[in-house]
Every structure is written in C-alpha cells, then in structure tokens.
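Engineer: Assemble chain B onto chain A, guided by the hints.
Chains as they are written, first to last, in the working numbering: chain A, 13 to 335; chain B, 13 to 335.
Treat the hints as calculated values from the structure; they're not laboratory data.
Incorrect hints may appear among the rest.
Quick list of in silico lysine-lysine cross-link-like pairs, DSBU-like style, CA-CA up to 30 Å [claimed, not checked]:
{"id": "1", "chain 1": "A", "residue 1": "111", "chain 2": "A", "residue 2": "317"}
{"id": "2", "chain 1": "A", "residue 1": "150", "chain 2": "B", "residue 2": "150"}
{"id": "3", "chain 1": "B", "residue 1": "150", "chain 2": "A", "residue 2": "121"}
{"id": "4", "chain 1": "A", "residue 1": "121", "chain 2": "B", "residue 2": "111"}
{"id": "5", "chain 1": "B", "residue 1": "292", "chain 2": "B", "residue 2": "214"}
{"id": "6", "chain 1": "A", "residue 1": "302", "chain 2": "A", "residue 2": "292"}
{"id": "7", "chain 1": "A", "residue 1": "150", "chain 2": "A", "residue 2": "111"}
{"id": "8", "chain 1": "B", "residue 1": "121", "chain 2": "A", "residue 2": "129"}
{"id": "9", "chain 1": "A", "residue 1": "121", "chain 2": "B", "residue 2": "129"}
{"id": "10", "chain 1": "A", "residue 1": "129", "chain 2": "B", "residue 2": "150"}
{"id": "11", "chain 1": "B", "residue 1": "121", "chain 2": "A", "residue 2": "150"}
{"id": "12", "chain 1": "B", "residue 1": "302", "chain 2": "A", "residue 2": "150"}
{"id": "13", "chain 1": "A", "residue 1": "129", "chain 2": "B", "residue 2": "322"}
{"id": "14", "chain 1": "B", "residue 1": "111", "chain 2": "B", "residue 2": "322"}
{"id": "15", "chain 1": "A", "residue 1": "292", "chain 2": "A", "residue 2": "317"}
The model shown is predicted, which means the values in this text are computed figures rather than measured ones.
2 protein chains.
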Amino acid sequence: MRRGVIFGHRDFERILEAMERGQPYAVMTGLMPSGPMHLGHKMVIDELIWFQKRGAEIFLCVADIEAQIMRGLPPQETDRIAVEEYLSNYIALGLDLEKCHLYFQSRSKVVKDFALKLGTHVNFSELRAIYGFSGESKASHIFYPLIDVSDILHVQLQEFGGPRPTVVPVGVDQDPHLRLARDLATRVGLVPPSSLYHRLMKGLLGEKMSSSRPETAILFRDSEDEVRRKLWNAFTGGQPTEKEQRELGGDPSKCVVFEILAYHLLEDDNELASVAEACKEGRILCGECKRSTTQKLLDFLAPVKRGREKALSKARELVTAAF
Amino acid sequence: MRRGVIFGHRDFERILEAMERGQPYAVMTGLMPSGPMHLGHKMVIDELIWFQKRGAEIFLCVADIEAQIMRGLPPQETDRIAVEEYLSNYIALGLDLEKCHLYFQSRSKVVKDFALKLGTHVNFSELRAIYGFSGESKASHIFYPLIDVSDILHVQLQEFGGPRPTVVPVGVDQDPHLRLARDLATRVGLVPPSSLYHRLMKGLLGEKMSSSRPETAILFRDSEDEVRRKLWNAFTGGQPTEKEQRELGGDPSKCVVFEILAYHLLEDDNELASVAEACKEGRILCGECKRSTTQKLLDFLAPVKRGREKALSKARELVTAAF
Numbered sequence: 013m014r015r016g017v018i019f020g021h022r023d024f025e026r027i028l029e030a031m032e033r034g035q036p037y038a039v040m041t042g043l044m045p046s047g048p049m050h051l052g053h054k055m056v057i058d059e060l061i062w063f064q065k066r067g068a069e070i071f072l073c074v075a076d077i078e079a080q081i082m083r084g085l086p087p088q089e090t091d092r093i094a095v096e097e098y099l100s101n102y103i104a105l106g107l108d109l110e111k112c113h114l115y116f117q118s119r120s121k122v123v124k125d126f127a128l129k130l131g132t133h134v135n136f137s138e139l140r141a142i143y144g145f146s147g148e149s150k151a152s153h154i155f156y157p158l159i160d161v162s163d164i165l166h167v168q169l170q171e172f173g174g175p176r177p178t179v180v181p182v183g184v185d186q187d188p189h190l191r192l193a194r195d196l197a198t199r200v201g202l203v204p205p206s207s208l209y210h211r212l213m214k215g216l217l218g219e220k221m222s223s224s225r226p227e228t229a230i231l232f233r234d235s236e237d238e239v240r241r242k243l244w245n246a247f248t249g250g251q252p253t254e255k256e257q258r259e260l261g262g263d264p265s266k267c268v269v270f271e272i273l274a275y276h277l278l279e280d281d282n283e284l285a286s287v288a289e290a291c292k293e294g295r296i297l298c299g300e301c302k303r304s305t306t307q308k309l310l311d312f313l314a315p316v317k318r319g320r321e322k323a324l325s326k327a328r329e330l331v332t333a334a335f
Numbered sequence: 013m014r015r016g017v018i019f020g021h022r023d024f025e026r027i028l029e030a031m032e033r034g035q036p037y038a039v040m041t042g043l044m045p046s047g048p049m050h051l052g053h054k055m056v057i058d059e060l061i062w063f064q065k066r067g068a069e070i071f072l073c074v075a076d077i078e079a080q081i082m083r084g085l086p087p088q089e090t091d092r093i094a095v096e097e098y099l100s101n102y103i104a105l106g107l108d109l110e111k112c113h114l115y116f117q118s119r120s121k122v123v124k125d126f127a128l129k130l131g132t133h134v135n136f137s138e139l140r141a142i143y144g145f146s147g148e149s150k151a152s153h154i155f156y157p158l159i160d161v162s163d164i165l166h167v168q169l170q171e172f173g174g175p176r177p178t179v180v181p182v183g184v185d186q187d188p189h190l191r192l193a194r195d196l197a198t199r200v201g202l203v204p205p206s207s208l209y210h211r212l213m214k215g216l217l218g219e220k221m222s223s224s225r226p227e228t229a230i231l232f233r234d235s236e237d238e239v240r241r242k243l244w245n246a247f248t249g250g251q252p253t254e255k256e257q258r259e260l261g262g263d264p265s266k267c268v269v270f271e272i273l274a275y276h277l278l279e280d281d282n283e284l285a286s287v288a289e290a291c292k293e294g295r296i297l298c299g300e301c302k303r304s305t306t307q308k309l310l311d312f313l314a315p316v317k318r319g320r321e322k323a324l325s326k327a328r329e330l331v332t333a334a335f
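Extracted from the complex, chain A is given alone in its bound form (with noise of 0.2 Å):
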C-alpha cells in the first residue's frame, strides 16, 4: 500500500474496523490451477501473509472447476497442478496452509449448492452487462460467475461462521466479480465482500503477464539459467545507446526489472529510491542492474524452491485432507 502496488479497495473500511474492534472478519481468496505460478501471483500470498500474522480467518479456493471448464483440463491435471505449483509454494513462501481454510470448488457441494440459488437472484440481462456475453456463450461460461460468487460469499453462511466482513485480495481485472459479489450479498442477506486491488505486474517483454506464455514471467520453477536469461532479455525503461543513457537516464517507471525491485526484492524504501535515482540520472546501465537484480531474485528464489520440495509432501497431505 506504501508504494501504491495495492493501489485501491472497495469497502476496506470495514475490515479495518473489524481488525480494529477485534471483531471477525474473513480473508478469501482463490488460485485458478491452470499453469506454473509466476512473481505475479505471489502479491496475494504476500497480502495473505500479511493478514494471517494479524490473525485474520483465511479461506483458500483452488478454482478447479475453473481451470476445468474455461480451461478444458482434466481433474488429475488441476489437482496435480494446485499441489505442484501453487500450495506447496505456499508454504515456501511462509503462508501456515495448515491454518486456512483450503477447500477445491469441485469437491464443494456447499459452494455448487450455494451458485445454484444464488443464480436464481441474477439474471442473464446483467451477467451480459457484466461479461459481455453473448448467444455463442457456453452455457457453462455463463454460470460460471455464479461458483465465483458463491466462493466468495459461501464464508458467511451459517456453516463457516455466519455473516460478517469479508475481505478478497485480488488483481484489478477480478472487479466485475467483485461487484456482482457485493450486489448478490445484499440480495441474499449477507455482507458486502470488501476488496484489495493489486497493480497487475507488466509482462517481462512489456507487455501482459501470463502463466500460459512462460516467457512473459518469471516462473518460480525456472532454472536459474532461465531466470538470467528471462531477466536478460526483459524490456526496461533504458536508452537505446550506452551514450543516451548516461546523458538522458533511464525511465524506472516503464522499467519491469524496477518493478520487480519494488514489488519483490527491496523492502527499504530509501535503497529502492536510491535505485531510481541512479537510473534516471544515467548512473546505471541496465545491463549492470539486471545483474544486481537476477543475483537478488536468485537469492530470493533459491530457499523457496528448496522449501518447495519440502512443503510438496505437507501440500499433499492437507489436500487429502481437504477432499
């Protein structure tokens, strides 16, 4: 939030106030286990993170049926997928899994149960609006908002602790969600979800970041070759010419290796400027700062991968016990 990477909310008010009263409220979240996790999906585990040290009750979705149905992968490939890529990195990267409610929306009976009733309260007119759907959406893609709904306000049901706040950090592209979310709760009697919004990270060739194009992202099942590489070959804010680029800088702003910097590997503040600094004044070439930059991701990403192998056998077994 300092630094703007969560740049707004819907309704955080609320939450503040539970957290301040020491009132409950509920974190949710979810994981769509289609691809290899990259940097970009570690800014919500890094926000649930910070929520769990606060004591905050979390929720964890393995969208499964999503990856399923918009997807068209199987059931052994999303479970697999959910376990490999996504909760035993997790737990590298210190989220307690063993203190979240983790569940798989195709296992849910209560979550498909819940989307059918909840469906009965929208019609096909504002999923329209919302999605943009047309006569050749599957009927499938067109229910599918519902499960996403229902995973987001199931948490409040009797069942999980009834009513209350409920926070859902996501990327700014999950808004449409969140906003039939808010309006189903009142048509249903429960809590407005409120949300986080997270800046979306920039591709590494400058354009979007995506887990289905690898070299878009840094994986964190890459080589450490592929991270020199990637990182290498990634688009900045720099000058075409070495000569430019000491008279004119850089610009940090346009640059994905800073956003890395900012959003992963420097948590001063003061060294992050001093960054900044010295690529707008021309004092650093970008070759010489995505060096330093592949040397502290590596540094970041070494103890999380061998924490990764350790933590498959605990991701496993939380997720037997979840079925």
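Structural biologist: This is chain B only, laid out in the frame that chain A set:
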C-alpha cells in the same frame, strides 16, 4: 402401448434390439419432489415396473435441485417429499427400489460436475431456441437443463457402465430436454438416449393436471372421501341431461373418468370396450359410471396406501444409503 397411452418414441428400436439380443441398456427417469404424488405420476412407474420385470437396469433420480431452484423449496422439504410422497408409494406400487440406482441430484458430485462439462458444449442461442430464455431468465434457470441432461447421460460414463442405449420414459412435455440430451450425447461421444412418450392425463376439471392444484388430480394421499368428492365433480363426456344422454350417448374420449379406467383401472381390453360402448349408446349415465369407477379406484388405492405405510421405513433406509 396397446391402448396408445404410450403413443410415441424416439429411437426405441435401439432398446428393443438390446432387449432381444440380451445386450446391456439402461432405463433412466426422475421425479421432482415439489408436491404430492398423483395418478399422473403413476404412469412412469408402471413403465419402470414393466422394464424391471424384464431385468432392466434402472436409474432413478430425485430431481431435488430442480424443486429447490425452480420452486424455491428448502432441502429438508424436498427430502421429506421425496420419501413420503414418491419413493414409499413407488415401493407400494410394486417397484423394487433396492434394485434401482437411486440418487439425489443435490448429492451427486458426478451429475453436477458432468453438467458443467456438458455446458461447455452448448451455447446460449441453442438453449434460448429450445426453452425460450430471455434477458429476464435467471442464471440458474438457464443452467438447469444441463443438470437434467447430465442426469440422463451420466449413466453412460465409465463408472456407471459406459456408453450404452438408454431409454427415458417421460410425458410428452419433456421432449425438449430429450432433444437437447440427444444433441449433447453425440457431441461428447455417448449414445443418444431413446425416449418413450406417454400422454399427459387430463385434469379432473378438464384442464391440465397439476400437483400444485390438488383439486385437478387424484392424489395418493387423498382420503376416501376426497377421492369420492373429486370423482363426483369430475368433468365427463356426458350430456347435460339424462334425456340427452339416453338419446345421444356420451363421449368417452373427452371423459376424465373413462381416462382413469383406461390408464389405471381396467386391465381387460374387452371390459374397457364394453364401458365405452355402453357410454356411447347412452346405456349408462355419468353418475352410475362415476360410482362404479370410484369403487374400483378406492379398491386400487387402499392396498397401495397400506403398502406405503409399511414401505416408509424401507424408503428412508434406501435414501440414507443413497446419501
């Protein structure tokens, strides 16, 4: 079939062929637990008993999601209605429920998951063309037909015996579902289900029979007095006066009392034909006919009622086992 009560089909040859060759086939049908069971519901059960005598494998679905989503009934109520109104009467009518694959939609993970998968193979335009959906249609009502189709097709999944001919005995009003099920079957590599269509019984007062308007139907839970009163008030094919009836004769084809005899009470075709003749020739008056039909109906209902009381605990047991 002999009397034209079952008057149409799609692809029933496929089932006849399987029966003749001793090859596997399935019978699939369902009940919606939203109101009391009436005589109109008995026709499918007669068909199931016929198939069961021939060794057919029968799948029986309690469409409780439909009752909950379309009629807004709570789950406890749909559970109660399923047992007390339907399953216990099925046993009393002679269906061996223990030999059926009995399940509740809401408890079937397979049916819900397969519905979501099937829903990726049909778009909104197709559903609109079949069901007349508009922008006002609720999301769950748009999605519900996929659950219905999943009920019909899931019996062909590997875990339930694999692809094979399946016949669905239904009222003719259910044909749209069957057409959708047949289209979707071919899209997912299953055998298009066959169907048998029976006529819908007329309502006692001449309009549509409906379990939500108890005066239109003979209910299995009606007292003797209610049965007497309902039949006495029933719409017939008789003339306004005794004189006209004696001279012109009545019209059994318009008569709900004659329909009850034909569909449920007179096994012997000659006996049925002589009632029709007597009516047409004015040799019998409506009052007379109603009295004798009432007696036949009470004689039929009494043992079913006693059997139902005995069958209640068995039905509860089977339902508990099915959960």
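Engineer: Against this structure, judge whether each hint is valid.
Structural biologist: Right, here's what the structure says about each hint:
Between the alpha carbons of residue 111 of chain A and residue 317 of chain A the distance comes to roughly 22 Å, so the proposed pair stays at or under 30 Å and holds. Between residue 150 of chain A and residue 150 of chain B the CA atoms are separated by roughly 15 Å; this keeps the pair inside 30 Å, and the hint holds. For the proposed pair residue 150 of chain B and residue 121 of chain A, the alpha carbon gap of about 21 Å is at most 30 Å, so the pair holds. Annotation: proposed proximity of residue 121 of chain A to residue 111 of chain B holds, straight-line Cα distance about 27 Å (limit 30 Å).
A C-alpha spacing of about 20 Å is found between residue 292 of chain B and residue 214 of chain B, which places the hinted pair at or below 30 Å, so the restraint holds. Restraint check for residue 302 of chain A and residue 292 of chain A: satisfied, since their Cα atoms lie roughly 15 Å apart, inside the 30 Å limit. The hinted pair formed by residue 150 of chain A and residue 111 of chain A fails the criterion: a straight-line CA distance of about 37 Å is larger than 30 Å. Between residue 121 of chain B and residue 129 of chain A the alpha-carbon distance is near 16 Å, which keeps this suggested pair within the 30 Å criterion.
Note on residue 121 of chain A and residue 129 of chain B: the hinted pairing holds, with a Cα-Cα distance of about 16 Å set against a maximum of 30 Å. Between residue 129 of chain A and residue 150 of chain B the CA atoms are separated by roughly 10 Å; this keeps the pair inside 30 Å, and the hint holds. Under the criterion of a C-alpha separation no larger than 30 Å, the hint pairing residue 121 of chain B with residue 150 of chain A is consistent with the structure, at around 21 Å. For the hint linking residue 302 of chain B to residue 150 of chain A, the alpha-carbon distance of about 53 Å lies beyond 30 Å, and the restraint is violated.
For the hint pairing residue 129 of chain A with residue 322 of chain B, the CA-to-CA distance comes to about 35 Å; that exceeds 30 Å, so the pair is violated. Among the hinted pairs, residue 111 of chain B with residue 322 of chain B is consistent with the structure: their alpha-carbon atoms are about 18 Å apart, no more than 30 Å. Of the pairs offered as hints, the one joining residue 292 of chain A and residue 317 of chain A is violated, with about 34 Å between alpha carbons and a cut-off of 30 Å exceeded.
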